[in-house]
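Protein chains in written order, with our numbering: chain A, 1 to 219; chain B, 1 to 343.
To be clear, the hints were calculated from the coordinates, so they are not data collected in a lab. Treat the hints with care, since some could be wrong.
What the hints assert, rightly or not - Sample of chain A residues at the chain B side, in silico, Cβ under 8 Å:
| # | residue |
| --- | --- |
| 1 | Ile28 |
| 2 | Ile30 |
| 3 | Leu135 |
| 4 | Leu136 |
| 5 | Asn197 |
| 6 | Lys216 |
Stated by the list, open to error - With beta-carbon atoms standing in for the labels, derived distance ranges:
| # | chain 1 | residue 1 | chain 2 | residue 2 | range |
| --- | --- | --- | --- | --- | --- |
| 7 | B | Lys92 | A | His174 | 47 to 53 Å |
| 8 | A | His174 | B | Asp286 | 55 to 61 Å |
| 9 | A | Gly112 | B | His155 | 32 to 38 Å |
| 10 | A | Thr78 | B | Asp286 | 53 to 59 Å |
| 11 | A | Gln48 | B | His155 | 57 to 63 Å |
| 12 | A | Pro114 | B | Arg91 | 40 to 46 Å |
| 13 | B | Ile33 | A | Glu202 | 41 to 47 Å |
| 14 | B | Tyr95 | A | Leu136 | 42 to 48 Å |
| 15 | A | Glu202 | B | Ile36 | 41 to 47 Å |
| 16 | A | Pro182 | B | Asn6 | 33 to 39 Å |
| 17 | A | Gly112 | B | Glu106 | 44 to 50 Å |
| 18 | A | Lys191 | B | His155 | 39 to 45 Å |
| 19 | A | Lys191 | B | Arg96 | 56 to 62 Å |
| 20 | A | Pro182 | B | Lys277 | 56 to 62 Å |
Claimed, not checked - So these bits of chain A aren't anywhere near chain B, every CB distance computed over 12 Å:
| # | residue |
| --- | --- |
| 21 | Glu7 |
| 22 | Lys56 |
| 23 | Thr60 |
| 24 | Asp89 |
| 25 | Gly97 |
| 26 | Tyr109 |
| 27 | Asp120 |
| 28 | Glu133 |
| 29 | Tyr146 |
| 30 | Ile149 |
| 31 | Arg151 |
| 32 | Gln207 |
| 33 | Ser210 |
| 34 | Glu214 |
| 35 | Ser218 |
| 36 | Glu219 |
Note that CB positions come from ideal geometry on N, CA and C, so glycine has one too.
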Amino acid sequence: MTANSEENFLLLSGIQHFLFCKRQWALIHIEQQWEENVRTIEGQHIHQKADQPFIKETRTDKFIVRALPIKSKELGATGVCDVVEFKEDHNGVSIKGSSKKYIPVPIEYKRGKPKSDESDILQLVAQAICLEEMLLCEVRLGHIFYDQIKRRIEVPVNYSDRQKVREVFKEMHHYFYKRHTPRVKTGAFCKSCSLQNLCLPELMGKQAVSTYIERKISE
Amino acid sequence: MKKLLNTLFVTSPDVYLTLNGENIVVMKEKERIGRIPLHNLEAVYTFGYSGASPSLMGACAERSISLVFLTRNGRFLARVIGKSRGNVTLRKNQYRISEDENKSAEIARNFIVGKIYNNKWMLERATRDYPLRIDVQKFKDTSCHLSELLIQVRHTAKLDLLRGYEGQAAISYNEVFDQIILQQKEDFYFHRRSRRPPLDRVNAMLSFVYTLLSNDVAASLESVGLDAYVGFLHRDRPGRASLALDVMEELRGVYADRFVISLVNKKVVNKDDFFTKESGAVLMTDEARKKFLKHWQDRKQEKIKHPYIGEKISWGLVPYAQSMLLARYLRGDLDEYPPFLWK
Chain A
1 MTANSEENFL
11 LLSGIQHFLF
21 CKRQWALIHI
31 EQQWEENVRT
41 IEGQHIHQKA
51 DQPFIKETRT
61 DKFIVRALPI
71 KSKELGATGV
81 CDVVEFKEDH
91 NGVSIKGSSK
101 KYIPVPIEYK
111 RGKPKSDESD
121 ILQLVAQAIC
131 LEEMLLCEVR
141 LGHIFYDQIK
151 RRIEVPVNYS
161 DRQKVREVFK
171 EMHHYFYKRH
181 TPRVKTGAFC
191 KSCSLQNLCL
201 PELMGKQAVS
211 TYIERKISE
Chain B
1 MKKLLNTLFV
11 TSPDVYLTLN
21 GENIVVMKEK
31 ERIGRIPLHN
41 LEAVYTFGYS
51 GASPSLMGAC
61 AERSISLVFL
71 TRNGRFLARV
81 IGKSRGNVTL
91 RKNQYRISED
101 ENKSAEIARN
111 FIVGKIYNNK
121 WMLERATRDY
131 PLRIDVQKFK
141 DTSCHLSELL
151 IQVRHTAKLD
161 LLRGYEGQAA
171 ISYNEVFDQI
181 ILQQKEDFYF
191 HRRSRRPPLD
201 RVNAMLSFVY
211 TLLSNDVAAS
221 LESVGLDAYV
231 GFLHRDRPGR
241 ASLALDVMEE
251 LRGVYADRFV
261 ISLVNKKVVN
271 KDDFFTKESG
281 AVLMTDEARK
291 KFLKHWQDRK
301 QEKIKHPYIG
311 EKISWGLVPY
321 AQSMLLARYL
331 RGDLDEYPPF
341 LWK
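The following block holds chain A by itself, in its conformation from the complex (with noise of 0.2 Å):
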């Protein structure tokens, strides 16, 4: 089994998922469990604007994609690209349909606003590494825009979150392969996490069931 044959790609919107609790995105990606809860949902409604596969924009010097289906056979990882500007830029590359030359700008839709970790920013860069694989481009740069504040923050496609995307990957294939859900530590994180009614992390640090039954029996 390999990494990557598509066959055992794994979902590139997991990354998040991966950097916010191993175990969560265990749970979803591995286990296939899932609960929606109020952050959830906001999250679909956001994507319901970007989720339009069939409409093209096109402006004077760009055209815009939205719903663009990606992958990269390097991270063995498939998933969507909310919205890709594609800038006309003479050092771009050809894009079927069009005469001229593109670079791809991947934009990701996200609910609140600028977070303090690097998981947004690490899943831009992994669509990033996609575009340019598919398209033989080269991707600067890319848009996280936040619902809250209303505004797009400018990412640049730096070498070390690249290197980041490449280890995380590596990682959660190493535990898909095993189909092991890690024990991770619980914190104040699980507060929002939307798994936690199947996750239990109270279990976490429980006794173990063995004394459970016997200090039971023994009442």
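Keeping the supplied structure of chain A fixed, place chain B upon it in accordance with the hints.
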């Protein structure tokens, strides 16, 4: 823990259920007689012969709402099951352990530990609450016997031995069970378990409540990704939800039996709620079944503190909690399966 939502019981035999937008619509002779939003529902039980539309079945499956078809008398017919939830690896683990008698026994004994423990404390509770009405000495003796069996079960690694101990425990418990029925003694009594058909009123109610409970347990097991038909204590038999029966063992006494007794002791039901067929089979009337379901629904809403998880949950979620703990054990998160030990 997830939320306990409502259960819709459709007791008229001649209504048809359909889907309209996000609602379930109850039709009687082409007329709408009810309409309930699906997002409030956890389960739909229908007693009758008209059935439900395929689109409603699909909608229920998609939302993990368990849709159960029962005969007018409450015998189980079918349950609509959607896509398997969860990881196929978890199921394979379940199958692997189920094939291995020794490993099965390690889980099975904890179901039995739960059953005996809970029955023992039901008896202890009765001696405390009604010392003047029951034979306290007999109850204490039985409780002691159950305690001894509990220790033996705990150290048993063989399924057939386990079944032996369970059988002994059941005999002891059944011997005193009748004494917990403290009201309407002429009309309600328990001598032995009779199922096909139930031959007295208590057995009629027990059969009914076990059906309800086993469906709840089966639905919970499916919702955490386990196969309700592959058990550890109960071995495979076509059409039997063996794992649901396994997990149910620990809940029979403390959840189902206790509920039936409270209906009699609180005089919610009386002898007119039943009729006897020529064969001696005892059936519940439609009215009785409605009363029964209303109280069952109320019982499910009552809050308790889960003895292992330590969280406050409603009785109705206990099957779900146990299913989830079982899945956690099968995944290797827990050292043993923690039975629901209720005192």
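Structure-based check of all given hints:
Violation of the interface hint for isoleucine 28 (chain A) is found here, the shortest Cβ-Cβ separation to chain B being roughly 11 Å, above the 8 Å cut-off. With a cut of 8 Å, the hint placing isoleucine 30 (chain A) at the interface with chain B holds, because the nearest CB-to-CB distance is about 6 Å. At about 35 Å, the closest approach between the beta carbon of leucine 135 (chain A) and any beta carbon in chain B exceeds 8 Å, and the interface hint on this residue is violated. The closest approach between the C-beta of leucine 136 (chain A) and any C-beta of chain B is roughly 37 Å, which is over the 8 Å cut-off, so the hint fails.
For the restraint placing asparagine 197 (chain A) at the interface with chain B, the shortest Cβ-Cβ distance is roughly 5 Å, inside the 8 Å limit, so the hint holds. For lysine 216 (chain A), the suggested interface contact is upheld, since its CB lies about 4 Å from the closest CB of chain B, less than 8 Å. Taking 47 to 53 Å as the suggested C-beta distance range, the pair lysine 92 (chain B) and histidine 174 (chain A) does not conform, at roughly 20 Å. A C-beta distance of roughly 59 Å is found between histidine 174 (chain A) and aspartate 286 (chain B), which places it inside the suggested range of 55 to 61 Å.
The hinted range of 32 to 38 Å is not satisfied by glycine 112 (chain A) and histidine 155 (chain B), whose Cβ atoms lie roughly 54 Å apart. In this structure the supplied range 53 to 59 Å holds for threonine 78 (chain A) paired with aspartate 286 (chain B), their Cβ-Cβ distance being about 55 Å. At roughly 58 Å, the beta carbons of glutamine 48 (chain A) and histidine 155 (chain B) sit within the given window of 57 to 63 Å. For the pair proline 114 (chain A) and arginine 91 (chain B), the supplied restraint of 40 to 46 Å holds, since their beta-carbon distance comes to about 41 Å.
As the Cβ distance of isoleucine 33 (chain B) to glutamate 202 (chain A) is approximately 44 Å, the hint placing it in 41 to 47 Å holds. The hinted window of 42 to 48 Å between tyrosine 95 (chain B) and leucine 136 (chain A) holds, with their beta carbons roughly 47 Å apart. At about 33 Å, the CB distance of glutamate 202 (chain A) to isoleucine 36 (chain B) disagrees with the hint of 41 to 47 Å. Take proline 182 (chain A) and asparagine 6 (chain B): their Cβ atoms lie about 36 Å apart, and the range 33 to 39 Å holds.
Between glycine 112 (chain A) and glutamate 106 (chain B), the C-beta spacing of about 46 Å keeps the proposed range 44 to 50 Å intact. In this structure the supplied range 39 to 45 Å holds for lysine 191 (chain A) paired with histidine 155 (chain B), their Cβ-Cβ distance being about 42 Å. In this structure the hint that lysine 191 (chain A) and arginine 96 (chain B) lie 56 to 62 Å apart at CB is violated, the actual value being about 36 Å. Under the hint 56 to 62 Å, the C-beta atoms of proline 182 (chain A) and lysine 277 (chain B), about 58 Å apart, fit the expected range.
For glutamate 7 (chain A), the shortest C-beta to C-beta distance to chain B comes to about 14 Å, beyond the 12 Å cut-off, and the non-interface label holds. Against chain B, the non-interface label of lysine 56 (chain A) holds: every CB pair exceeds 12 Å, the least being about 31 Å. For threonine 60 (chain A), the condition that its CB be more than 12 Å from all CB atoms of chain B holds, with the nearest at approximately 44 Å. Listed as a non-interface residue, aspartate 89 (chain A) keeps its Cβ farther than 12 Å from every Cβ of chain B; the least gap is roughly 45 Å.
Every CB of chain B is more than 12 Å from the CB of glycine 97 (chain A) (nearest about 38 Å), matching its label as outside the interface. Against chain B, the non-interface label of tyrosine 109 (chain A) holds: every CB pair exceeds 12 Å, the least being about 25 Å. For aspartate 120 (chain A), the condition that its CB be more than 12 Å from all CB atoms of chain B holds, with the nearest at approximately 28 Å. Non-interface status of glutamate 133 (chain A) relative to chain B is upheld: no Cβ of that chain comes within 12 Å, the nearest being about 29 Å off.
Every beta carbon of chain B lies more than 12 Å from that of tyrosine 146 (chain A), the smallest distance being close to 29 Å; the non-interface claim holds. With a least CB separation of 31 Å from chain B, isoleucine 149 (chain A) remains clear of the 12 Å interface cut-off, as annotated. At the 12 Å boundary, the C-beta of arginine 151 (chain A) stays outside the reach of chain B, the nearest C-beta of that chain being 34 Å off. The beta carbon of glutamine 207 (chain A) sits about 9 Å from the closest Cβ of chain B, which is not more than 12 Å, so the claim that it is off the interface is violated.
The Cβ of serine 210 (chain A) does not lie farther than 12 Å from every Cβ of chain B; its closest approach is about 5 Å, which violates its non-interface assignment. Under the 12 Å C-beta cut-off, the non-interface status given to glutamate 214 (chain A) relative to chain B is violated; the minimum distance is some 8 Å. The claim that serine 218 (chain A) lies off the interface is violated: its Cβ sits roughly 9 Å from the closest Cβ of chain B, which falls inside the 12 Å cut-off. For glutamate 219 (chain A), the non-interface assignment is contradicted: its Cβ lies about 7 Å from the closest Cβ of chain B, within the 12 Å cut-off.
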